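Those protein sequence lines, which keep their order, are chains C and V.
According to numbering that gives the first Met the number 0, the residues represented by the first sequence are 0 to 414, in order.
According to numbering that gives the first Met the number 0, the residues represented by the second sequence are 0 to 77, in order.
Hints are computed from structural coordinates only; laboratory data are not their basis.
Remember, predicted model here, so these are calculated numbers, not experimental data.
Yeah, the Cβ is synthetic: ideal placement off N, Cα and C, and Gly gets one too.
Treat the hints with care, since some could be wrong.
Across the chosen pairs, the derived CB separations fall in these ranges [as the list claims (entries may be wrong)]:
#: 1; chain 1: V; residue 1: Ala20; chain 2: C; residue 2: Ala53; range: 22 to 28 Å
#: 2; chain 1: C; residue 1: Ala219; chain 2: V; residue 2: Lys49; range: 43 to 49 Å
#: 3; chain 1: C; residue 1: Gly200; chain 2: V; residue 2: Asp61; range: 39 to 45 Å
Capping the alpha-carbon separation at 20 Å, the derived lysine to aspartate or glutamate pairs in DMTMM-like fashion look like this [claimed, not checked]:
#: 4; chain 1: C; residue 1: Lys131; chain 2: V; residue 2: Glu15
#: 5; chain 1: C; residue 1: Lys128; chain 2: V; residue 2: Glu47
#: 6; chain 1: C; residue 1: Lys131; chain 2: V; residue 2: Glu47
Calculated Cβ distances over 10 Å to all of chain C for the following chain V residues [unchecked claim]:
#: 7; residue: Arg63
#: 8; residue: Asn70
#: 9; residue: Glu74
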Amino acid sequence: MTDVVITGLGIISPGARGLDDAWAGALAGRTAAAVDERLVEMGTPVTLACRVPAFDPDAELGRGSARRLDRFTHLAAIAAREAIAHAGLASEEDEQLAGADPDRTGVLFGSGIGGAETWASEYPNYLEKGPKRVSPMFVPKMLSNTAAGTVAIRSGARGPNMTVNTACAAGASAIHLGRDLIRGGAADVVIAGGVEAGVTGLAVSAFAQMGALTKNPDPATASRPFDVDRDGFVIGEGAAVVILESAEHAAARGATAYATVAGAGASADAHHATAPPEDGGGAVLAIRAAVEEAGVGLDEVDHLNAHGTSTPLNDAAEARALRAVFGDHTDGIAVASTKGVTGHTLGAAGAIEAVFAVQAIREGRIPPTANLVNQDPEIALDVVSGSPREQDVAAVLSTSMGFGGQNAALLLTRP
Amino acid sequence: MSQDLLATFTEVLTEEFGIEADQVTPDATFEALGLDSLDVVELTLVLEEKTGVKLEDEELEDVRTVQDAMNKVQEKQA
């Protein structure tokens, strides 16, 4: 089986821009939650959000980008550009692929919602001004595959180009499927990532109505995975991209492999539209599949970057799923949820966390779970909190669970 | 009148489409300004708000330049 490695990383995440900044934020436990003035203006029941740092789309991505592309595509393009340059496949100035055959370079993105802001801004236009006033840009801006399409347009990548939606697992699913495109022989390189820009009044109101968002108004403690006082997630936005490449292709061009995507698993709970089964259900299958495919022993997984959303149901179910797979070896896994820093970035989360998982391998440091003060006694895991843990990391698991009961697990190893 | 209309086009193309003001001349083609067919349709929506005149799809078929579009608007205003 073809080994697939990660040779480039790019990220724009809540409160952080670029790989170095995002990783520093994760290690420092620098929570990005803040009162969002736009949500305050809209009068949403919850006003905390984890936003990316402000940027000017026209200045960064070229004139007309603000008008022609939705925010989620801006984020995807920014993260992809960084990852492509980081992998040495193109410069940041000239994004055209130079280090790989464009016809053998694919793009695979995950997004839960797509152009949320475009829907939110255009529908009132339709209702108030009428059908003849709907923008012709609505469709290309809103379609969830526009992020992947735009990355292809900007980089010249003409290989397979797809978008996967497993809601909050979409970023991880994209890396899974991107890897399999390479294994299946359809591409040498895949630009894979997750993206979401769903912090709209409508979406925030809906998540609040579901009871999914924390009611804690204090930004400093609102997103607190595994804490006994957690009561929901803080919504976030962002994008992260990894460059996937066959190990052979990477070696031939002298690229540095930062991690191997050794295992990947996917499953469904077949249980409920939004709630996980108490025993972890389908997550067990996804985690087991990733570990078995990687061929690592249960005692060889050093670190888990957990889904850890900070909702009461998710964090408890995830802990049970982990124990169902690893048994007594669960205690040997250093668990962290970086959502204490980033909040829940929905379709971007799996990719953002995969980037942090790769960084843990590269640097031998595990980021702390921010805002964790009193660990829930029901969650019997070795959760890293307070400060980063210096530890050799050779194998790391990253889990993602989406609404719809769709689960993804990635097992990354040191090349 | 024509000067007013050119000023309106210039305002819309600079503010809404990010085009440099000195590029907006009557002879400039929309293609040269970097506008594709979707942009031109969107331009008509903004112009309708500014001028009260809506250019329909079929009226755009032979519109290539800013002058062409201004002529169509003036015809409909008359």
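Here is how each hint holds up against the structure:
Judged by the Cβ atoms, the range 22 to 28 Å given for V:Ala20 and C:Ala53 holds: they are separated by roughly 26 Å. Separated by about 47 Å at the C-beta atoms, C:Ala219 and V:Lys49 satisfy the suggested range of 43 to 49 Å. For the hinted restraint 39 to 45 Å between C:Gly200 and V:Asp61, the CB-CB distance of approximately 43 Å keeps it satisfied. Using a Cα cut-off of 20 Å, the hinted pair C:Lys131 and V:Glu15 holds, with the two alpha carbons roughly 19 Å apart.
Between C:Lys128 and V:Glu47, the direct Cα distance comes to roughly 12 Å. Compliance with the 20 Å bound is thereby established for this hinted pair. Using a Cα cut-off of 20 Å, the hinted pair C:Lys131 and V:Glu47 holds, with the two alpha carbons roughly 11 Å apart. Separation of V:Arg63 from chain C is adequate, the least Cβ-Cβ distance of about 18 Å exceeding the 10 Å criterion. Against chain C, the non-interface label of V:Asn70 holds: every CB pair exceeds 10 Å, the least being about 22 Å.
Taking the minimum C-beta to C-beta distance to chain C, about 19 Å, the non-interface status of V:Glu74 holds against the 10 Å cut.
The structure fails none of the hints (numbered hints given earlier).
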